[in-house]
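Undergrad: As a plain string of letters, each chain reads:
Number of protein chains: 2
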Amino acid sequence: MTFKTLAISAAVAVTTLLALPAHAQFAKSEEAVKYRQGSLFVIGQHFGRIGAMVNGKLPFDAKAAQENADIVAAMAALPWTGFGPGTDKGAPHKAKPNVWTEKAKFNEHAQTFQAEAAKLASAAKTGNLEQIKTAFGPAAQSCKSCHDAFRNR
Amino acid sequence: MTFKTLAISAAVAVTTLLALPAHAQFAKSEEAVKYRQGSLFVIGQHFGRIGAMVNGKLPFDAKAAQENADIVAAMAALPWTGFGPGTDKGAPHKAKPNVWTEKAKFNEHAQTFQAEAAKLASAAKTGNLEQIKTAFGPAAQSCKSCHDAFRNR
Chain A
1 MTFKTLAISA AVAVTTLLAL PAHAQFAKSE EAVKYRQGSL FVIGQHFGRI
51 GAMVNGKLPF DAKAAQENAD IVAAMAALPW TGFGPGTDKG APHKAKPNVW
101 TEKAKFNEHA QTFQAEAAKL ASAAKTGNLE QIKTAFGPAA QSCKSCHDAF
151 RNR
Chain B
1 MTFKTLAISA AVAVTTLLAL PAHAQFAKSE EAVKYRQGSL FVIGQHFGRI
51 GAMVNGKLPF DAKAAQENAD IVAAMAALPW TGFGPGTDKG APHKAKPNVW
101 TEKAKFNEHA QTFQAEAAKL ASAAKTGNLE QIKTAFGPAA QSCKSCHDAF
151 RNR
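Going down the list, the sequences are from chains A and B.
For the first sequence, position 56 (counting from the first letter as 1) is numbered 56 according to full-length UniProt numbering, and the numbering increases by one without interruption.
For the second sequence, position 24 (counting from the first letter as 1) is numbered 24 according to full-length UniProt numbering, and the numbering increases by one without interruption.
Hint data in this document are derived by calculation from the structure and do not stem from the laboratory.
Worth double-checking, as some hints may not be accurate.
Pulled a few chain B residues facing chain A out of the computed Cβ check, cut under 7 angstroms [unchecked claim]: (1) G38; (2) S39; (3) F41; (4) V42; (5) Q45; (6) K105; (7) F106.
Beta carbons: idealized from backbone N, C-alpha and C, even for Gly.
Work out the full structure: start from the sequences and follow the hints.
TA: Given below as structure tokens:
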């Protein structure tokens, strides 16, 4: 058993997101900012390692691809709790104000990413690079479209 | 299915740690520092939410305890790859030099934490606060002893 057991379905992730208990919040806005930045950075690192294989910059390693995809899928539900009300201040960050003013649209992006991350983890389980490539594109696009809309450069 | 499916055994985590492929490393030392800081911060947040229940600062919520413990257990193997050779510089951090000069001792602490995190996740699955308390103590102690030995204040 490795990280392959970590993958969760997008539907579950979304349910978890919406059902978060009140005490799952943060003591200070600064902590929420650090939490979302930290979790997104860790996700980005593991996602990037799959991307390097997809783009041929690293030799394909099915086991590593699966482990990385499972970490991404397992963590995909986490960052969004760090964008709660009032966390537009408290620490330097790159989130645009519309994260808070267009919350429904932002949540939709977050949910799309979780769904694509779950698909990528499923693809990675096959050990087939072509299937991973097919799933990687939309997952990467879900990152980019959210960053374009909600993150300052 | 929620985060309860995320828990992994400590033995597996240690195996993953030791078997990390070369491409699981970081492009720059700065990235390794951000990665370990980010993953440890996320772990700390979820661990702290269990601690608040254990210490009576928050009402006990068995489901939330289990979700938080599963996240901690699932992520417990991650931070240590961010302490590779050369990552004692490249970005501000609080790791003491002995992380790199006493690597075997440091790894032992990391492995103890992973074992205790797995036990805490198992305890949380019971939904029994007393069992969670019993497992929480040694897990918290494993954080503290490593911080005392290897982290600047």
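Undergrad: Are the hints correct? Go through all of them and say.
TA: Hint check:
Because the beta carbon of G38 of chain B sits about 3 angstroms from the nearest beta carbon in chain A, less than 7 angstroms, this interface hint is met. Interface restraint check: S39 of chain B against chain A, minimum CB-CB distance 5 angstroms, threshold 7 angstroms, status holds. Because the smallest distance between the Cβ of F41 of chain B and any Cβ of chain A comes to about 5 angstroms, under 7 angstroms, the interface hint for this residue holds. Contact between V42 of chain B and chain A, as hinted, is supported at the beta carbon level, the nearest pair being about 5 angstroms apart and thus within 7 angstroms.
The beta carbon of Q45 of chain B is positioned within 7 angstroms of a beta carbon in chain A (closest approach about 6 angstroms), and the interface hint is therefore held. The interface hint given for K105 of chain B is broken, as the beta carbon of that residue sits about 25 angstroms from the closest beta carbon of chain A, more than 7 angstroms. The beta carbon of F106 of chain B comes no nearer than 20 angstroms to any beta carbon in chain A, farther than 7 angstroms, and the hint placing it at the interface is violated.
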